[in-house]
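Enquirer: Okay, here's what each chain looks like letter by letter:
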Amino acid sequence: MTQRAPEGLYPPTEEMLAEPVAPEVAAAQERRLRAVWQTRTGLGYWSSVNNSEIGKWYSLTCFAFMLCAGVLALLMRVQLAWPGIQFLDADRFNQFFTMHGSAMMFLFAVPLFEAMAILLLPAFLGARDMPFPRLSAFGYWCFLIGGIFVLGSILFDAAPNSGWFMYPPLATEAEGPGSDIWLLGLSFIEVASIAAAVELIVGVLKCRPPGMRIHMMPLYSWYVLVVGGMILFAFPPLIAGDLLFELERALDWPFFDHTRGGDPIFWQHLFWIFGHPEVYIVFLPSIAIAAMVVPTVAQRPILGYSWIVLSAVGTGFLSFGLWVHHMFTTGLPAISLAFFSAASEAVVIPTGIQIFVFLATLMVGRVTMSLPMLWIAGGLAVFTAGGLTGVMLAIAPFDWQVHDTYFVVAHLHYTLFGGMILPVMAGVYYFYPFFTKRMLSERLGRWAFWLIFGGFNLCFLPMHLTGLLGMPRRVFSYPGDLGWNWLNLISTVGAFVIAAGFLIFTVDLLRPGKPRLASRNPWKAGTLEWTDTVEGEDWGVRSIPYVTSRYPLWDQPEIVARMDAGRYYLPDAEEGLRETIITSVIDARPVQVQRVTGDAWITLAAAAFTGGCFILPTFHLYGPAVVAGLIAVGCILYWLWTSTARVPEKPMKDVGLGLRLPTYAAGPAAVGWWAMWITMLGDATAFASIVFGFFFYWTARADFLPPGAEHAVPGLVALAAAALALAWAATLGARRLNRAGRQGQAVGAVIAGMVLAIGGGGALALSVAGLAPAAHVYPAVVCALVIWTGAHVAVGVVMQAYCLAGLVFGKIDRDHDADLWNVTLYWHFHVLTVLVTAAVIGVAPHLL
Amino acid sequence: MAILAGCSGRQSALAPAGEDAAQLKLLFIVMLSGAAVLWLGLNGLFWYVTRHRPGAMPVARANAVIVGGGVVLPTVLVGALLAWGLSIMPAQRAPGEGLTLRVTAEEWWWRVEYWPEGATAPIVAANEIRLPTGTRTELRLNANRFIHSFWVPALGGKMDMIPGRETVLTLRPDTPGGYRGQCAEFCGPSHALMAFEAVILAPGDFDAWLAAEARPARPPETPEEIRGAEVFRDEGCGACHAIRGTAHAGLVGPDLTHLGARGSVGAGTLPMGAQALQDWIAHAGAIKPGVAMPSYDWIAAADLSALATYLESLK
Amino acid sequence: MNRIETRDDRDELLDESATLWRITAAPVIWAGHFLLCYGGAAIWCAKLGGGIGGLRLSILGLTLAALAAIAWNGWRGLRASEGVAPPELSRPEHRHRFLGRAAFLLSVISAVGVAYVALPALFIASCR
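Residue numbers (my numbering), protein chains in the order written: chain A, 7 to 854; chain B, 9 to 323; chain C, 1158 to 1285.
The shape of chain A in the complex, shown without the other chains:
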């Protein structure tokens, strides 16, 4: 087989970089680049997949959802302004606070991180686009459809009304479609979130500019990496929980019903294993914005780069050991609570370090106070207050007193406003000139800041006291003789002051006639995004630079001129294809030219049918849902087949500066392989959550396993495990045979793999056919494991069929086997799933 390795000169020398580019050559290059990257106009605009369009839509949609959720909050504050007001009835109030929390978390805070990262990351990294633009587009459309569906339910008085953490049995027994809308609509969005996380992680690891070694990345990318990883491990437990929850709602499998061996506490574990990392998933990206703004304000590099990195990584880890502090009052043994109390206090340290790094950077720099810095400073003031009440709440006995009161409401809003909203606003003011080439108004910005900051404190500071005076959260009314009246009235006034601030901000955002940018780097920042010209071109960067500093614009004086001149890499688009450079993970050595996908409608269609598959079951339309799901799979297969891992027209390409890079990559060199790896980590986490369920019930319930229970048929389980293991071996064999040039045998191996997989899946299904999962949680959890594994068998077979078609129709050959590598990787994970499932359902019940 042909060797595919970069060849030529690298790194570029100063003489090479100093050599001028002929103006007519540059003009021709610009013409071609512009044609390739041009954003379509008219209806075709909506088929865009470029990160700047997707990122813009994504951010604006998040902002719109935030405003809706904010209006719900205002309406609630009216109801609570004084005792005895009958503005909202209990049920509507319950729908409103459920939707306020759900929308702020799932439709604003997490997606906004992804939106801003999609928008900014390529610019920070001098890349032209994200590695998988169509995946970004797919994620966005899923988010939009799911968000409108979930939020729209409030207009039909059909919204979920059990609180945003959806505790069973209240939420499992809730009448009407509210709970289903929450479960299915938000699961749909969570899947899109995970897709975006996968893309962002791969973007940070593989799409950096040549020379940007791992210790030189902008801090923002470190945070993206950490938060992407956290999403990957935090969201899957919730998705697994959603699956079990929906199985209970739809099929009456008693996972959370104590009368049949279930336990409502299990949901709380799954929810908070997601929910607490979620808080840091929201918080860290906003701190990342601060980490970009603070050095600019101080006009010097961040002091303690490695401190920030370690804090981000440390917080990421520790945040997974805190979840039970949301369950301090559930009556768990004191010693169990105490471990979580301790871990919750430990996370204070990495969080605090980040704040002190900012302080130290400002101390050694020459501070020029700008509007973004005002928002950052306000954010830190609010966040430190929220952090300090967090230190209090982590002390379990104190939490017993104030848990589920307005004290906690105040605390969580202090952390989210200070740790998210205010830094994000700083980011909007800071990056607005980069996105739009215009400036927001300084005067209106100060008005907005002081109204939001002042209103916030007016609203939420009194709530600490309201909570200590005994007011529980989530009450639609309260008696007038408990000393809460004036405090609530002040909070209501404060809420409207916040709203006035956001109104001014929105007006400023939307008003026409803002002044155009005078120079491309208005804040005199040091990072690559400010190389974008004041005209703003769709191509992102004119040429992809060679970077030797953390702050190239400060330390590499020629870089802007050379980028503009097309002196660096990929200054041209001779083949009329959208391209970006893939570099190695640690040292960012160029390894490949990645042809990224262009505008397409298929992603929108795929998202719409995926939406149908999730949304239709809400109305018990299971048949149409299956049809929609099949069409969605068809759309995705079409999209993959026509635009990913195609055999390129030539194996190598000259990228400039005497460097030639391969145009195709397979296995660990390919971004698709990394994406599969990362996705499967998340998938394995969801599976582990269900396995955790099995052992949770064993620990928590005396009647698990129930005496005389029916078990999965051991012989069939063993048969299924053996057949699926052989299917894995056949898939791996097919990849090896193809590499060895024996395509005929590879086709045979894939077919054998498919037959074995289908047989194994069937045996697995038969092994539990005799169980009655609605009768007790034991058969229910066994069947849930089988459903999970069976669904993965089905996906595995589709993948094998895809490879079969690839081998037959020449998409896969000896030199172009990326698809086979990715599918084999899927099967590596899958065979582990199968073996664990077999052990848990076939062996464990006979040992416990």
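What the hints contain is simulated information worked out from the structure, not anything from laboratory work. Beta carbons are placed, not taken as given, at the ideal position from N, Cα and C, and that holds for glycine. Please note: incorrect hints may appear among the correct ones.
Computed footprint of chain A on chain C; a stretch qualifies when at least three of its residues, placed anywhere within it, have a C-beta under 8 Å from a C-beta of chain A [what the hints assert, rightly or not]:
1. 1191-1200
2. 1203-1211
3. 1224-1235
4. 1262-1271
Given the coordinates of chain A, work out where chains B and C should sit on it, guided by the hints.
Expert: Showing chains B and C alone in chain A's frame:
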């Protein structure tokens, strides 16, 4: 003024009437003082650096700020606080010393059983708990259908009530008086209206009250009360409610044997009184969303009044 | 002229594998220690109940082992981060020093985390 009214409020964690709540108040005051100092120090530094721009400081001093402020200071302070917090957990969960209450959360009210030491049958009440001072009482908490949470801020922390799991809370009140407890875990439409009175009595008073509570209901005496008892019977109230000493032994709703002696109607929703009882019987659904009790709005005014008078007489 | 070296991700990762392991080692030790403490206590209280003297002793032993492992890991990281570095940030020595320093600092944080998580064993003596 609002603050003063509140701190002495009946449902305030800052006006403790028991050992546990007092300990937690002390913990809070100490934490609040520390937090205020730290917040002012940190934000004062930020203010100084960004507003007064003292000019570039040496890098070594700034690095010392990171190590000292970011690592050493929080490790020591938070570690000390954690140790204190952990050390009071066993006291907060000390075992009871005799009397046990079994409280079951229903939708949306409280079933209460008193089990004095050695008792073989409980003394049943509802929507009000009474505890003696000077001794630690154990509360065994259960829930019927949804998750609720038992919380009397003046006495101590809260404890969730979870279907299928019994949780245990112990409290040691020390100041006699009337306090208020409320459900603290969202539990559906009438979560806001699920409260109860918590009456703390000196030990002698408590024993006397418990002896009275154990007795059957006072029979109706005046013609009005007698008529009320007839309405109670005719409307089938006994299918759901029990009045000890009569034939009514329903278990679905709250026990009414000593209803008139309680402080509130509808689980802390209305203050006890004949008018409140009338409103409740005729319009329970409007007063308390989702309540299981039907609204008896067809009962004639005179009968309704008699029924309320009878119920109020059940002291 | 520098010819590009034919190295791929695998070579790079192997190059730095020791340091990369060290970076993750400390938080992973913390996580393992935490899970063993929590899981051990949960199972002990659910299945055995009664006194938890044995559990507390095991936690203490486990904690000493975890702290020793983290200390060793941090010391190795610190050594990797020492030495005079060339001024240009883009040299591989810097990358190596950075990874070593990150490993050391993460060890410090993880050690605090482990010590905190062990505190409950000192103060709490029952399953109540």
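Enquirer: Next, verify each hint and record whether it holds.
Expert: Checked hints:
1. Only residues whose beta carbon comes within less than 8 Å of a beta carbon in chain A count, and the segment 1191-1200 of chain C has 6; three or more means the coverage holds.
2. Coverage of the segment 1203-1211 of chain C by chain A holds [criterion: at least 3 residues with CB-CB distance below 8 Å; count 3].
3. Restraint check on the segment 1224-1235 of chain C versus chain A: 0 residues with Cβ-Cβ distances below 8 Å, three needed, restraint violated.
4. Three residues within the 8 Å Cβ limit are the bar, and the segment 1262-1271 of chain C against chain A gives 6, so the coverage statement holds.
The structure fails to meet hint 3 from the earlier list, while all remaining hints are met.
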